[in-house]
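Please model the entire structure based on the sequences and the hints provided.
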Amino acid sequence: MYYFDPHIHMVSRTTDDYEMLARMGCIGMSEPAFWAGFDRGSVDSFRDYFRQLTEFEKRRAAQYGLKHYTWLCINAKEAENVSLARDVIAMIPEFLELPSVLGIGEIGLNKNTRNEAIIFQEHVELAVQHEQSILIHTPHLEDKFQGTMMILDMLCDDSRLDRNRVLVDHVEEHTVRHVLEEGFWAGMTLYPVSKCTPQRAADIIEMYGPERLLVNSAGDWGPSKPTAVPDFIIEMRRRGYPESLIRRIVYDNPIEFFSQSRNFQFQAPDAVEETART
Amino acid sequence: MLATPMAAQAVLDREYLEVRAKLLELAATFDRLDRGGGAPAADGRLKLVRQGLKVLLDETGDRAEQIQLIFSRPYDDDWQKEFGLAPPAAEPTEE
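Note that the protein sequences, when read in sequence, are chains A and B. Just so we're aligned, residue 12 is where the first sequence starts under my numbering, counting upward by one. Just so we're aligned, residue 2 is where the second sequence starts under my numbering, counting upward by one.
These are calculated hints, taken from the structure and not from any lab test.
Estimated spans, in silico, between C-beta atoms of each pair:
hint, chain 1, residue 1, chain 2, residue 2, range
1, A, E142, B, L70, 28 to 38 angstroms
2, A, E30, B, A22, 29 to 39 angstroms
3, A, V204, B, A28, 11 to 21 angstroms
4, B, E60, A, G48, 42 to 52 angstroms
5, B, E16, A, I266, 26 to 36 angstroms
6, B, F72, A, D27, 30 to 40 angstroms
7, A, E108, B, V12, 44 to 54 angstroms
Heads up, simulated DSSO-like pairs for lysine-lysine below, C-alpha to C-alpha not over 30 angstroms straight-line:
hint, chain 1, residue 1, chain 2, residue 2
8, B, K48, A, K122
9, B, K82, A, K122
10, A, K236, A, K88
11, A, K88, A, K69
12, A, K122, B, K55
13, B, K23, A, K236
14, B, K82, A, K88
15, B, K48, B, K23
16, B, K55, B, K23
A short list of chain B residues far from chain A (calculated; beta carbon distances all over 10 angstroms):
hint, residue
17, D14
18, L25
19, E26
20, R33
21, G39
22, A40
23, A42
24, D44
25, G53
26, K55
From the three backbone atoms N, C-alpha and C, an ideal C-beta is built for every residue, glycine too.
Structure follows, in structure tokens:
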């Protein structure tokens, strides 16, 4: 089965991982900008990072027939440096017309502070002004519920937003309902310990259905598993779900969400085969 | 809600040994804490764990959500006022 990983940090992974993902049925991925493991010191540091995302990773993925897309922002961990965050936000439009850029992300909250909320709102403003889709990080562990509710407050206060173009990521049992009820897309991240397991993600699908739900590996430089989406596929098969339902979650849904971004030019492998035959 | 293809009997058949193993891991962890002198009284984490264990014995559903909320900081819907943040592009107040 083909699948699309809607959230994975390939800058942190080896080229071998691209090859492994291709072998497992992955045909494309989207990579949100995130924290480097340390706070960057200048706007030029982010400009270089955005070049890595839009140029180098795209080429590395293409070696294995994978399509690589990206989202741009300064992440919440670095939002406490408000001045730098504002400089980065002002620079982002330099990249928004590049063919692999899908929107603004992963913006969000980390420790749910005032400065994080201010920079979150300024990112949303950027997205609105440039008609961009938004991918949102929700905090980890004990901060997740509070942070997710704060994020939903800020999003729902903004009447200009098209909720169908906003993906709220890293949902779990206590946040997924709130996100879906407000009309946003929701992403489940499959992590070994700190987020969802493939089994719990399958449980959430059983409880809420496949509408506006995605699964991703969010593979990065920490403990994570880039092939977590195939683990989810196997779990759904073991429960007896039809291939059409599984495909909807791991392939059709990400394509539907990404298709709202003007830079998302994508041809399904099936369509390529059809074109070759005619 | 999707119709669940796996009946409860099938779920139990598949997961019984995993559940048993998880219980043993928990039991061994508590024993380890005891051997180390018990959890420090000032550390509230074990209290949260005990609250979570009570939820497991509850017959009501949504246990995973309940346990998630036990391990969550509270949410105050007045937070924007506390932070002095105005909602962006809020709908105009109707007269």
